[in-house]
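There are 2 protein chains.
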Amino acid sequence: MVKIVVDCLGGDNSPAANVAGCVDALNANGDIALVLTGGKEEIEKLLAGKEYDKSRLEIVDAPDTVTGEDRPTDVIRSAKNSSMVRAVNMLREDDSVQAMVSLGATGVLLTGAVLRIGRLPGVERPAFCPVMPTLNGGVVGVCDSGANVECTPDRLLQFALMGSLYMQRVCGVKNPRVALLNVGVEEGKGDDLHKEAYKLLKECKALNFAGNMESRDVLSGNYDLIVCDGFSGNVLVKTTEGTCIELLKMLKRELTSSFKAKMGALLLKGTLKKNFKKLNYQNYGGSVMLGTKKVVIKGHGSSKAIGVAKCIEQAYTAVKNDLNPEIEAIINSNSNTKGDMQNV
Amino acid sequence: MVKIVVDCLGGDNSPAANVAGCVDALNANGDIALVLTGGKEEIEKLLAGKEYDKSRLEIVDAPDTVTGEDRPTDVIRSAKNSSMVRAVNMLREDDSVQAMVSLGATGVLLTGAVLRIGRLPGVERPAFCPVMPTLNGGVVGVCDSGANVECTPDRLLQFALMGSLYMQRVCGVKNPRVALLNVGVEEGKGDDLHKEAYKLLKECKALNFAGNMESRDVLSGNYDLIVCDGFSGNVLVKTTEGTCIELLKMLKRELTSSFKAKMGALLLKGTLKKNFKKLNYQNYGGSVMLGTKKVVIKGHGSSKAIGVAKCIEQAYTAVKNDLNPEIEAIINSNSNTKGDMQNV
Numbered sequence: 002m003v004k005i006v007v008d009c010l011g012g013d014n015s016p017a018a019n020v021a022g023c024v025d026a027l028n029a030n031g032d033i034a035l036v037l038t039g040g041k042e043e044i045e046k047l048l049a050g051k052e053y054d055k056s057r058l059e060i061v062d063a064p065d066t067v068t069g070e071d072r073p074t075d076v077i078r079s080a081k082n083s084s085m086v087r088a089v090n091m092l093r094e095d096d097s098v099q100a101m102v103s104l105g106a107t108g109v110l111l112t113g114a115v116l117r118i119g120r121l122p123g124v125e126r127p128a129f130c131p132v133m134p135t136l137n138g139g140v141v142g143v144c145d146s147g148a149n150v151e152c153t154p155d156r157l158l159q160f161a162l163m164g165s166l167y168m169q170r171v172c173g174v175k176n177p178r179v180a181l182l183n184v185g186v187e188e189g190k191g192d193d194l195h196k197e198a199y200k201l202l203k204e205c206k207a208l209n210f211a212g213n214m215e216s217r218d219v220l221s222g223n224y225d226l227i228v229c230d231g232f233s234g235n236v237l238v239k240t241t242e243g244t245c246i247e248l249l250k251m252l253k254r255e256l257t258s259s260f261k262a263k264m265g266a267l268l269l270k271g272t273l274k275k276n277f278k279k280l281n282y283q284n285y286g287g288s289v290m291l292g293t294k295k296v297v298i299k300g301h302g303s304s305k306a307i308g309v310a311k312c313i314e315q316a317y318t319a320v321k322n323d324l325n326p327e328i329e330a331i332i333n334s335n336s337n338t339k340g341d342m343q344n345v
Numbered sequence: 002m003v004k005i006v007v008d009c010l011g012g013d014n015s016p017a018a019n020v021a022g023c024v025d026a027l028n029a030n031g032d033i034a035l036v037l038t039g040g041k042e043e044i045e046k047l048l049a050g051k052e053y054d055k056s057r058l059e060i061v062d063a064p065d066t067v068t069g070e071d072r073p074t075d076v077i078r079s080a081k082n083s084s085m086v087r088a089v090n091m092l093r094e095d096d097s098v099q100a101m102v103s104l105g106a107t108g109v110l111l112t113g114a115v116l117r118i119g120r121l122p123g124v125e126r127p128a129f130c131p132v133m134p135t136l137n138g139g140v141v142g143v144c145d146s147g148a149n150v151e152c153t154p155d156r157l158l159q160f161a162l163m164g165s166l167y168m169q170r171v172c173g174v175k176n177p178r179v180a181l182l183n184v185g186v187e188e189g190k191g192d193d194l195h196k197e198a199y200k201l202l203k204e205c206k207a208l209n210f211a212g213n214m215e216s217r218d219v220l221s222g223n224y225d226l227i228v229c230d231g232f233s234g235n236v237l238v239k240t241t242e243g244t245c246i247e248l249l250k251m252l253k254r255e256l257t258s259s260f261k262a263k264m265g266a267l268l269l270k271g272t273l274k275k276n277f278k279k280l281n282y283q284n285y286g287g288s289v290m291l292g293t294k295k296v297v298i299k300g301h302g303s304s305k306a307i308g309v310a311k312c313i314e315q316a317y318t319a320v321k322n323d324l325n326p327e328i329e330a331i332i333n334s335n336s337n338t339k340g341d342m343q344n345v
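Going line by line, the protein sequences match chains D and C. One gets our numbering by counting positions in the first sequence from 1 and adding 1 to each. One gets our numbering by counting positions in the second sequence from 1 and adding 1 to each.
These aren't lab readings, by the way, just hints derived from the structure by calculation. No experiment lies behind these values; they were computed from the predicted model shown. Don't take every hint at face value.
[Claimed, not checked] Stretch by stretch, here's where chain D covers chain C in the computed footprint (C-beta under 8 Å, at least three residues):
#, segment
1, 100 to 106
2, 207 to 218
3, 317 to 330
[Said to hold, decoys possible] Facing chain C, from chain D, some residues (calculated, C-beta under 8 Å):
#, residue
4, Leu136
5, Glu151
6, Glu187
7, Asp192
8, Phe232
9, Lys239
10, Lys261
11, Gly265
12, Leu269
We put the beta carbon where it would ideally sit given N, CA and C, even for glycine.
Excised from the complex, chain D in its bound form (with noise of 0.2 Å):
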């Protein structure tokens, strides 16, 4: 039986999707357990009615709701009611949970994991790694997406090696092809930062190196695990979502806009519909924080019940195959990358 506490606020459709969706996961794995943290009466108000295993479902009740304008390290400290916190501090605490789910905001998840749970032996900087959907069905990571906007060479060493192995063992992806983002393919493109860190990819023999890749082809399916800084990668996994989500908007405007679009969008609705489901980003579940201690999920803020759903069962394979002791021995056994061993 795996473990897991879900922060049930925090998240635009909160707590109700969060609720629906911790019902959905239970009721599809049965290795599964929860603990929701929230507000408990509207919690079990939401509850009321619905079926599912009882005696793998507890409420602890933390009613706050933490939000980006916070001071993450204040609410870390302070803030002991709020359901992310208590969520936190219990994944620190008690050894029988093994992961967390959390749709809330990012920062104060980001320093409650790094100062409460702590990083994995050997692992510089925690990074987040969500995955997108790629047009020829596949999915591609992008590590990291926003938790360091500073960077060295041997942390993206690090961030290549956890994410690789992110993707073989969450995702399925044998033997990932890891590329690094940059402004040319070419070997030598980019600032210092850039040509050390392609060095460092190409020795390391623990990955599947593919060279630098230009972020024109973060869709195209040649790569499955992309490599960057964390403003790269925020402004990477931003831009691609955004511009999906205006283009599909306008296209949706576009098929309603007189009475011959209409029909023709009648005879496409198939065929469209199957595509804009290959897109939506729900389906692939949250981001992973990879390096800490524990199994912490970031599930969009937008998630609804599936996404929510999504995220617990990711937490759950990646508990389940041992992510974690696999990320701490090749941080450890690989020779490239020196991890100050230090943990918090």
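Assemble the complex: chain D is given as a structure, and chain C must be docked to it using the hints.
Relative to the frame of chain D, chain C by itself:
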């Protein structure tokens, strides 16, 4: 009359597209004169039978092509018979030539512009500023998109001032809303570079500063100019382009995937064609290099005749509307900018 030198080699469809674009530009605007650099014989063959004012077109024989694999500084010094280097040298030496258009290797063009053309007094570093279509029918500029992978707050302020002027003078945007690309919209987001740049942009009275923006809003139409370092800007522009191209490819594939879909597509032809046209970067000209003593436009490598003609028209507008004198004036009058005043 504005005299512009056009490098006729180096693009995917060169020299045919370049030559056809030159003819179109001459026919569209009687106030333009062109110098074409490239293989003279081949250019003459392509011009044969075409209608245009021959007194406004001149050919300079320089049949060698520069590629992205060449070391920029070597090329600029030694490849004097290449169409690009000849064009750069002409722009440097011939006072009557006021601007240049090239589709060739970006790195070489940038090096040539910096080493041979030189910066405007007060400008620290030239920057690229491509313009992309937004989905509400407007445009948005991105400065810098790749000339400077490393930046300082002062440079970002200069990019903002130059880009804002460009959006006004060449793209016809009144009082451009300038945003700083960041990992979140709140003040205080990002690393020290972005925190410091935010302050400078906010304090600068010559700018209509709209605060931080996230890259998911790039196509929203909420901003007219996005200010960023060249690495993130490159990621931003190429991700947007790549995502649009991949999505449209997918759409086209689906629209012809079955008889029913084809019928639907037929009904939607008019509305989709209009939108595809709106998204076609060929209609928006090239990426201007801001801060050099003379106007340099880098067209997309895959430009067709229409793209080349747009670049020429863009160069013409920049010269006619005094872009460079205005940039020099604003950079040197703005007390916040600390250009080193030294020029190469």
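Consistency of the hints with the structure:
no.	hint	result
1	100 to 106	violated (count 0)
2	207 to 218	holds (count 4)
3	317 to 330	violated (count 0)
4	Leu136	holds (5 Å)
5	Glu151	holds (5 Å)
6	Glu187	holds (7 Å)
7	Asp192	holds (4 Å)
8	Phe232	holds (6 Å)
9	Lys239	holds (4 Å)
10	Lys261	holds (5 Å)
11	Gly265	holds (3 Å)
12	Leu269	holds (4 Å)
When each numbered hint is compared with the structure, violations occur for hints 1 and 3.
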